[in-house]
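Start from chain A and add chains B and C according to the hints.
Protein chains in written order, with my numbering: chain A, 1014 to 1415; chain B, 1014 to 1415; chain C, 1014 to 1415.
These are computed hints drawn from the structure, not numbers from a lab.
Which copy is meant is left open, so a pair is good if it fits within one copy or across any two.
Heads up, simulated DSSO-like pairs for lysine-lysine below, C-alpha to C-alpha not over 27 Å straight-line:
# : residue 1 : residue 2
1 : Lys1146   : Lys1080
2 : Lys1236   : Lys1331
3 : Lys1309   : Lys1331
4 : Lys1309   : Lys1242
5 : Lys1020   : Lys1039
6 : Lys1223   : Lys1309
7 : Lys1080   : Lys1266
8 : Lys1321   : Lys1331
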Amino acid sequence: MAACCGKVIDSLLEYNTSKIVHIKSKKVGLINRLIQLAIIGYIIGYVIIYKKGYQEVEKPYSSVTTKLKGTSFTNLTGNESFPLYGGPFVWDQADYVIPPEENDAFFVATNMVITPDQRQGTCPESPDIANVKCTRDENCTRMEETSYGHGFQTGKCVPSDQEKGIKVCEVFAWCPVELDITPMPQFPSLKNFTVLIKNTVQFPSFGVSKRNIAPDADTSTLKSCQYDKDTSPLCPIFRLETITKEAGQDFNKLAYKGGVIGIIITWNCDFDSLLYSCKPVYSFRRLDNANAPIAKGYNFRHANYYVKNDTLHRTLFKAYGIRFVVTVTGQGGKFNVVPLFLNLGSGLALLSIATVLCDVVVLYVLRRKEFYREKKYQYVVENSSDEVSNRNQHDTISKKPS
Amino acid sequence: MAACCGKVIDSLLEYNTSKIVHIKSKKVGLINRLIQLAIIGYIIGYVIIYKKGYQEVEKPYSSVTTKLKGTSFTNLTGNESFPLYGGPFVWDQADYVIPPEENDAFFVATNMVITPDQRQGTCPESPDIANVKCTRDENCTRMEETSYGHGFQTGKCVPSDQEKGIKVCEVFAWCPVELDITPMPQFPSLKNFTVLIKNTVQFPSFGVSKRNIAPDADTSTLKSCQYDKDTSPLCPIFRLETITKEAGQDFNKLAYKGGVIGIIITWNCDFDSLLYSCKPVYSFRRLDNANAPIAKGYNFRHANYYVKNDTLHRTLFKAYGIRFVVTVTGQGGKFNVVPLFLNLGSGLALLSIATVLCDVVVLYVLRRKEFYREKKYQYVVENSSDEVSNRNQHDTISKKPS
Amino acid sequence: MAACCGKVIDSLLEYNTSKIVHIKSKKVGLINRLIQLAIIGYIIGYVIIYKKGYQEVEKPYSSVTTKLKGTSFTNLTGNESFPLYGGPFVWDQADYVIPPEENDAFFVATNMVITPDQRQGTCPESPDIANVKCTRDENCTRMEETSYGHGFQTGKCVPSDQEKGIKVCEVFAWCPVELDITPMPQFPSLKNFTVLIKNTVQFPSFGVSKRNIAPDADTSTLKSCQYDKDTSPLCPIFRLETITKEAGQDFNKLAYKGGVIGIIITWNCDFDSLLYSCKPVYSFRRLDNANAPIAKGYNFRHANYYVKNDTLHRTLFKAYGIRFVVTVTGQGGKFNVVPLFLNLGSGLALLSIATVLCDVVVLYVLRRKEFYREKKYQYVVENSSDEVSNRNQHDTISKKPS
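One chain only, chain A, in its complex shape:
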């Protein structure tokens, strides 16, 4: 029993290590050291230092709020179809930011098709709608919806009020129906509007919270600054035209039919005290297709409702505009022992490649390869007689059966 125990303990206190063939060869040694140097350089220089392999990284959580400033002036005097929006008219942010706030996005109306004073009733359908042209009442099916149109047919064929000399089906709808022609943008000073973007990022693992407005920033500077890629890259106030220009777009073209612009805020943060840095970088790019085959640009319809003479009226807006989508990306890193060891470990593993490559050189390329092969390999033959086995115990290196 005690003997057995002793044996177990004995076998526990052993230690196995590979037998190493140590070759003194300038040629192969040089190759070996060069490959090792390259691998160590790659691990230390590239993986650990350049790629910061000693850091634990985390993607940030983000919250974005935006605030637009600016007013625009239109003068639609003389245009009979704008009884409410005619004459000198000033638009401010409550008028052109629709809806007043969104999560990670904001929309600025750049152009509008206004259909004022609509009320429920019957009127001629727009002649642009498919299959609504008619010559007599029989062409119009009562209560059939006009395809992609404004309402349901009454069954009557009436003269169009949008195009002279044409007869169209009459519809139940919000009347009069919208005259869908995109006018030239009416907001000339829109490009000078500014938007303040407030962005908070959080790295919960590191307990760090950062904002794009530095807490120690000079208030007066902040109030008057405007973002510029070169001279003022940290100012959180952006002129709309600056944004579209950085995205490679012409503001006026974009304003005509609308579009979607991405504002990308990249936070690449290093929270180690020696290399501490955590500043946002802003970049801009157009997200929708300027040359899309259908539904080019960006627009949507919304309405303001009011009651006149005890009847519900609405003003319908087809709002063209630029939708700005704010995307926050990046990562924060801080020293941590786990990734460091992981990278060092995989580096150690890679070092075995040097041995594999040198083995190839030594065993297959060098003139004296046979000699080295005999040194590296100890040949054991399964079916060899006991004598061979015994001989091996003397010769140590069994030779290939010749």
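This is chains B and C only, laid out in the frame that chain A set:
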């Protein structure tokens, strides 16, 4: 000094390689080769080729805009409580998409409880509210808020106008208070509404931007197409009923109480020129619980305000409807030498498993295990006398002390 | 030919294994076993069991809808500037949740600057705007926009109606212009408002969908419960004051100027049947900077439009309030053989560190290091004469050239 230098250089130009015991055994050799084959097959076939282990992958950034089309008809003639919305009434997207745009989502009203012509004043609280039934004024505490109710009590007990023969506390509130009974859906043609989803994904590392509307698509096809899983899986125009059907829901049931439907757009892109593919796949699923114990379905209240007789009035809508949430997921991959080497490297490491397993067979299973063990192991004993050590130098393989 | 084939097959059925030097040394053996124990403990205990290294993990997709309840009472009687909002006035969710719904966020107005009955016209600019004070008409440039102001100058210098005895430039604008002074919060009962948060998370790889409202929950309990970190951590109904308190903020201070509060829902789910758990954890934190140098707090402007005397009027609201942003995070895990093998494999690789460290001890530290070195290394010299080579075949271990 020179000698020392030479020694250092000498030791640098050495090269260590493991001594290998080369065993010629058909049985073990076969096992060895089979395991190696399995591992190489796994690495090359599964990891590298099937799982595209030679690719760097990136998740896309996405932007989504939506546009709804369709009109619906209601006829509430004769209903005295709908002075503004009574009679033939056509609803278009400006009426039922609330708010007119959202980031990555859209809401379509399918049913509404309309409380028209509310104004600030005093009126009987709704009898559905807890603890508002009363018999005399003392039951109602002045200025106490009714729990989950519509306003603040005036301290009077008055007859209910919603339920005959019952007395309830009077409240300061928007009067009359809402009669909260869900009517049957009034928008019969809603299921035929269509939504155009425009989705852009970007893979900044690869400098690639893709859209779900192919730039070379045929415009006329696009304008008339409708998404169908089998016949038209790339059409970006979706009938609402198709979406709910794919999500396994009955449209009419869903429309009655509202709900939340997820539209998932999956982009699995391969940017290598030979296998280039990058097309969106659409899938749909209901996100809220159809059998939730509380707050079943989806609805919210909003109001339109207007001034009548110099007093502020509002029309209160309790809008039931389907909230569609668009989620974009997937990844793009492109050949990169770093992940390829990483996977090959870990494959090489795995190959050592073949040796470990064969060692087990050779050293513990085979009949001649003792013989192989003597070949593989060179026994060294710490406390052996110098003679043992010397003997070792002759015999090379030290034997276990018998 | 047949001989060649046989040779190839022979060489395929070989098997290489490292020659191992087996050292019986209590000291080194102990070190070796301790290091091995530490590594195995780390792999099995920490990586596999504690960190659940046997699980495949996935981040959830999420959808959030919210529903607010509560009413608030204001009494602005006697204030001439509130013709529409004066007197006893009850605000409900349709009034203070703006817009009525957002994706993953909601806004509750806590304070408002109401500018009623604005219409397009000319009026004195607000004296707070830079560079609008004037002494005569020449100071005001016709059609110049006032910087961060309300409109475009008419060219006239008129007495201010907001500050006695001061003359300012007249502007085309929505008149009268806003008097931008933040009043004290008018919604005293706001802190008692409750919000029901409905959150669905999905783990598509596992085919699992979870909701923060348990399907087997007791309906009556759910209807009356309120979230409390300690006593009711799973109730999905939150009092606004509880949220701000958990975020370390004073509700009244926050309500005065507005702010942004993050509601973080963390799902850490284990889908293995033995350890099954999947419950949300709620946490709260303030996202904006309470001490920001500019644009402190959170507010935005929106307007209600109405027609009076055939003229468009609007009521402008500068809504201060708390924006709640809901972020869903966490992960789900389920047993999978791939990560298990990956972790076991890397553990095996780490075991070689034990050998490396013991080698250092054996070869450089121990008294008998020279002896062990000779055992471990077989010295081969490139330029040795054939005799050395021959001698090696006898002595097996080549000695260092003395």
